Amino acid sequence: MFNLTLFIVIPILTAIAVMVCRNGTQIRLAAFTGSVVQLLLSFLLLYYYTSERATGNMAQFLFTQRAIWYEALHIEYHVGVDGISIAMMMLTAIVVMAGILMSWKIQTLTKEFFFLVILLSLGAYGFFISLDLFTMFFFLELAVIPKYLLIILWGSGRKEYSAMKLALMLMAGSALILVGILAVYFHIGQERWVHTRDLAQIAVMQFPPDVQKFIFPFLFVGFGIFTALFPFYTWAPDGHSSAPTAASMFLAGISMKLGGYGCLRVAVYLLPQAASYYSWIIVLLAVIAIIYGSFATLMQKDLKYMNAYSSVSHCGFVLLGIGMLTRTAIMGAVMQMVSHGLMTALFFGAIGMIYERTHTRQIEELGGLLKVIPFIGVVYVIAGLCSLGLPGMSGFVSEMTIFTGSWQCTGMFNRVATILACASIVVTAVYILRAAGRAVMGPIGNEKYLQLPDASWSEKLASVMLIGTIVCIGMAPFWLTKLIDADTQTIMENILRNLRLS
Amino acid sequence: MIFVNMMDLMNAELGIVIILFILLFMKILGKPESNSTLLNLTNALLVLNLVVVLFLNSDGVLFNGMFHTNHTIALEKGILLFGTLIISLQSFKWLMHHKHAAEFYILLLSSLLGMFYMISSGNFLIFYLGLELASIPLAALANFNLKEKKSSEAALKLILLSAFASAIMLFGISILYGTTGTLSFSEVSLLISGGSLQILSIVFIFTGFAFKLSAVPFHFWTADVYEGAPIAITSFLSVISKAAMVFVFISVLSPLFVSAPAVWYMVFLIIIVLTMAFGNLFAIRQNNIKRFIAFSSITQVGYILLALSAGNKPGAAAAIYFMMVYIFSNLGALGVISLVSAQTGLENISDYRGFYKTNPVYAWILSISIFSLAGIPPTAGFFGKMFLVIAGASKGNSMIIAFASLNMVVSLYYYLKIIKAIFIDPNDSPVPALKPGFSIAAGLAVCMFGIIFTGFAGGFYDYVIKTCGF
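Just so you know, the protein sequences line up as chains A and B, in that order. 0 is the number of the first residue of the first sequence in numbering that gives the first Met the number 0; add one for each residue after it. 0 is the number of the first residue of the second sequence in numbering that gives the first Met the number 0; add one for each residue after it.
The set of hints was computed from the structure by calculation and includes no laboratory data. Any given hint could turn out to be false.
[Claimed, not checked] Label-pair restraints from in silico Cβ distances:
no.	chain 1	residue 1	chain 2	residue 2	range
1	B	Leu145	A	Ala66	53 to 59 angstroms
2	B	Ala456	A	Phe412	39 to 45 angstroms
3	A	Lys481	B	Pro359	47 to 53 angstroms
4	B	Asn287	A	Thr63	47 to 53 angstroms
5	A	Ala66	B	Met5	41 to 47 angstroms
6	A	Asn22	B	Ile27	54 to 60 angstroms
7	B	Ala444	A	His358	57 to 63 angstroms
8	B	Ala444	A	Ala485	47 to 53 angstroms
9	A	Thr32	B	Ile451	22 to 28 angstroms
10	B	Trp363	A	Gly436	46 to 52 angstroms
11	A	Asn22	B	Leu145	21 to 27 angstroms
12	B	Ile451	A	Tyr276	41 to 47 angstroms
13	B	Arg284	A	Ile11	36 to 42 angstroms
14	A	Trp456	B	Trp363	29 to 35 angstroms
Since we're looking at a predicted model, the values are computed, not measured. Glycine included, every Cβ here is placed at the ideal spot set by N, Cα and C.
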């Protein structure tokens with residue numbers, strides 16, 4: 000039996016340790032140790048989970064714990080995991096550790112920085128393990144304000160504007176989610192005289208179609224804002240590019256996945272009829288995001304903006320997979336979340352390393368980085384290749400799965416959508432190769448670059464860790480698919496059962 | 000026998016009266032320079048009174064139903080007393096060298112006494128008596144810095160408008176008496192039939208409440224009074240006197256509403272919408288931090304009214320719980336503000352630029368309080384606001400909930416502007432390092448403790464719920 004509350008306790012302990020530490024080295028070591036413990040813990044969780052499943056335990060959520068939190072309002076602290084949440088938690092653990100390693104050299108307000116990063120990871124873990132809607136909402140909101148502080152305190156560029164935009168848009172998203180959650184809650188209360196916020200219990204109650212259609216937009220758009228749903232993506236480019244390296248890694252790597260996970264686990268899973276009713280709108284918005292994101296990326300001159308817009312495009316794939324509502328497509332969406340999380344974290348890490356050395360992110364001013372800082376150059380190229388979907392890396396497997404799944408949807412509209420989404424990969428290749436060619440290859444852009452130091456041990460460790468995971472998933476996707484297979488099946492069954500009834 | 004009963008049921012009020020007499024004698028007999036004895040003694044007595052109120056309470060009725068008390072009312076009084084205690088701790092430095100420290104406490108505690116009678120009232124007569132006792136000393140307090148012209152203006156505004164509000168309310172009460180023939184709450188609520196004259200009287204009574212609660216469109220006095228009054232009084236007005244009105248609202252107006260027609264709910268909703276929206280829109284433009292607190296408190300009133308509009312027990316419990324949380328959050332923020340103001344005289348938001356560099360600890364205290372006011376987890380403010388919204392949602396009105404949630408986003412904007420000023424804006428002459436005494440630090444520590452622990456420790460909310468009788 001595994002105690003999931005450890006994922007709440009360890010970050011809190013780490014945060015306290017960071018607060019108590021005196022000098023920079025101690026703080027870094029405390030934060031690093033905490034993240035290593037979290038990573039080990041998530042591997043341990045994976046091990047326990049697979050062995051529990053191997054013994055034939057087919058309960059939907061394993062290692063559940065419940066404790067009454069606010070009795071009168073039926074709010075419970077209720078946690079449990081399935082394969083999808085374990086995949087997300089491992090992603091979180093890896094990205095947080097990489098982020099801490101990447102910001103090893105941060106000098107200003109070190110204590111506050113690591114404290115906030117740990118607080119963010121707490122929010123993400125809590126969100127992924129919660130099975131109670133209120134608890135889930137609590138952790139989701141917990142992860143908003145630290146982002147604001149990280150951006151205004153350590154960011155660059157138009158950081159005040161970006162941070163405010165990010166905080167307000169994400170808060171608006173959670174406001175919509177709040178309305179949705181309350182609507183679900185009070186609807187249940189009126190109809191059945193049992194108030195509950197428990198996910199699995201709500202999923203088996205079939206709401207009348209018109210109620211579903213009313214609640215679904217609140218929940219889906221609310222979570223969609225977190226995952227840069229078109230047209231509510233505007234916080235993402237500004238926020239990502241103004242944030243410090245670790246915060247960009249976290250924002251794009253994990254925070255956007257909170258939204259995707261929420262769309263899948265809350266909106267689609269609880270309200271399947273509405274999901275299939277609105278399916279075409281989701282697909283449409285996702286395709287617009289994919290196409291628009293990739294063309295917008297073409298126009299960017301700043302490396303971080305480039306990657307931020309390409310994140311919008313890549314998260315569009317997640318929404319496309321969810322919107323198609325086939326089992327393979329949903330599985331692809333989950334894989335894309337993991338893959339994009341790792342890839343974009345690596346990307347932002349590489350850009351952060353470049354910016355820290357050259358003090359510019361303009362593609363024009365860079366050049367020849369491969370000659371002077373070969374390690375970082377290679378990391379950037381690898382991240383780019385993963386982003387454009389080179390076979391052998393995680394991006395290829397996940398996008399392939401989504402396309403296969405989408406193709407299962409017959410019907411002109413879905414076919415066209417799938418083809419358009421596929422076609423965007425060509426555009427991706429253009430901007431990735433162009434940026435890599437200009438900034439990393441080619442003649443050395445500035446004589447000052449000759450003195451640049453290559454990556455330090457911590458940066459190397461972080462990059463190798465991320466690249467290793469990306470290649471692992473790319474080469475052997477079956478361990479990931481096996482992990483999430485049964486759970487996508489559960490979600491799909493719920494959808495199909497609801498559709499049959501209607 | 001009646002005396003034993005009185006000692007038992009009116010222990011909170013009698014305690015305050017005893018403190019008042021002690022203060023009076025100290026003023027007459029004491030030496031003029033012995034302020035610290037006076038302050039410490041008063042604080043100690045307030046703590047003692049708080050313990051008595053919280054742990055020695057019982058249900059009962061006195062004077063033929065004129066005065067009644069129960070566990071909920073005792074809890075409400077405890078919350079008010081607790082808030083007054085924190086304010087008293089925080090104004091320690093200000094009063095230390097003030098000539099009229101004793102008068103300050105006499106006026107403050109008289110007002111508190113009025114609130115206690117108001118909450119405990121079972122009859123409109125005693126309610127009105129309490130109301131006047133609560134509001135008149137406040138005008139004198141608002142003008143406590145006699146040399147400040149702004150304070151005189153604030154005091155005049157406060158006394159005129161609260162007299163006006165009282166008059167309107169009194170008019171409503173007299174109409175109600177005319178139609179029902181009784182002034183006792185329990186009898187009135189039975190006799191309300193929804194006739195047009197009765198509706199008119201409820202409108203008048205509600206208007207009086209709205210004035211005191213500074214709900215839009217009766218909010219115009221708030222910002223000027225908050226700005227002109229000394230900070231201790233701003234704290235008292237924004238927290239304690241508001242909390243008292245909310246508590247009375249729960250026990251007085253809610254029973255009247257039960258039999259009032261549905262159109263009344265609509266009026267209520269309109270007031271809520273206006274209060275939230277105007278409070279927010281005006282708060283965005285403020286530079287004086289006390290005015291800012293004034294408008295943000297108007298918005299908070301909107302949320303409280305939202306919960307009360309549900310007209311049920313969860314709504315009442317959520318409002319009481321929120322008032323407790325609000326006392327911690329607002330007094331945490333105002334504690335730092337009063338410290339800054341006492342030491343440097345600065346009261347503008349722009350003066351807080353670069354505050355983090357010189358005073359990291361106080362910057363965090365102020366930020367955490369502001370996060371709690373904004374309703375950001377894991378602070379208690381998040382839970383307080385959630386419970387208000389959940390209670391408001393129980394009528395099944397999704398649009399008003401969506402509007403309230405939207406307002407939370409808008410309010411986040413101006414709260415974050417202060418956070419930004421504190422943390423990153425450059426400033427050539429930031430606020431110098433602050434030196435609080437023991438009692439101010441203690442007051443802030445209590446607020447921080449409350450903000451952090453009354454939220455996710457579910458026990459506090461369950462305690463409120465239990466005393467409300469679930």
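Evaluation of the provided hints:
1. A hinted range of 53 to 59 angstroms holds for the C-beta pair Leu145 of chain B and Ala66 of chain A, which are about 56 angstroms apart.
2. Between Ala456 of chain B and Phe412 of chain A the beta carbons are some 52 angstroms apart, a value that contradicts the proposed interval 39 to 45 angstroms.
3. Between Lys481 of chain A and Pro359 of chain B the beta carbon distance is about 49 angstroms. The supplied range of 47 to 53 angstroms therefore holds.
4. Judged by the Cβ atoms, the range 47 to 53 angstroms given for Asn287 of chain B and Thr63 of chain A holds: they are separated by roughly 52 angstroms.
5. Range check, Ala66 of chain A to Met5 of chain B: about 44 angstroms between beta-carbon atoms, so the 41 to 47 angstroms window is met.
6. For the hinted restraint 54 to 60 angstroms between Asn22 of chain A and Ile27 of chain B, the CB-CB distance of approximately 58 angstroms keeps it satisfied.
7. The hint said 57 to 63 angstroms for the Cβ distance between Ala444 of chain B and His358 of chain A, and at roughly 44 angstroms that hint is violated.
8. Taking 47 to 53 angstroms as the suggested C-beta distance range, the pair Ala444 of chain B and Ala485 of chain A conforms, at roughly 51 angstroms.
9. Separated by about 25 angstroms at the C-beta atoms, Thr32 of chain A and Ile451 of chain B satisfy the suggested range of 22 to 28 angstroms.
10. Our hint of 46 to 52 angstroms for Trp363 of chain B and Gly436 of chain A holds, since their Cβ atoms are close to 47 angstroms apart.
11. Checked against the hint of 21 to 27 angstroms, the C-beta distance between Asn22 of chain A and Leu145 of chain B comes to roughly 52 angstroms, which is inconsistent with it.
12. Hint check: Ile451 of chain B to Tyr276 of chain A, Cβ distance near 44 angstroms, so the stated range 41 to 47 angstroms holds.
13. Remark: the range hint 36 to 42 angstroms for Arg284 of chain B to Ile11 of chain A is upheld by a beta-carbon distance near 39 angstroms.
14. The hinted range of 29 to 35 angstroms is satisfied by Trp456 of chain A and Trp363 of chain B, whose Cβ atoms lie roughly 33 angstroms apart.
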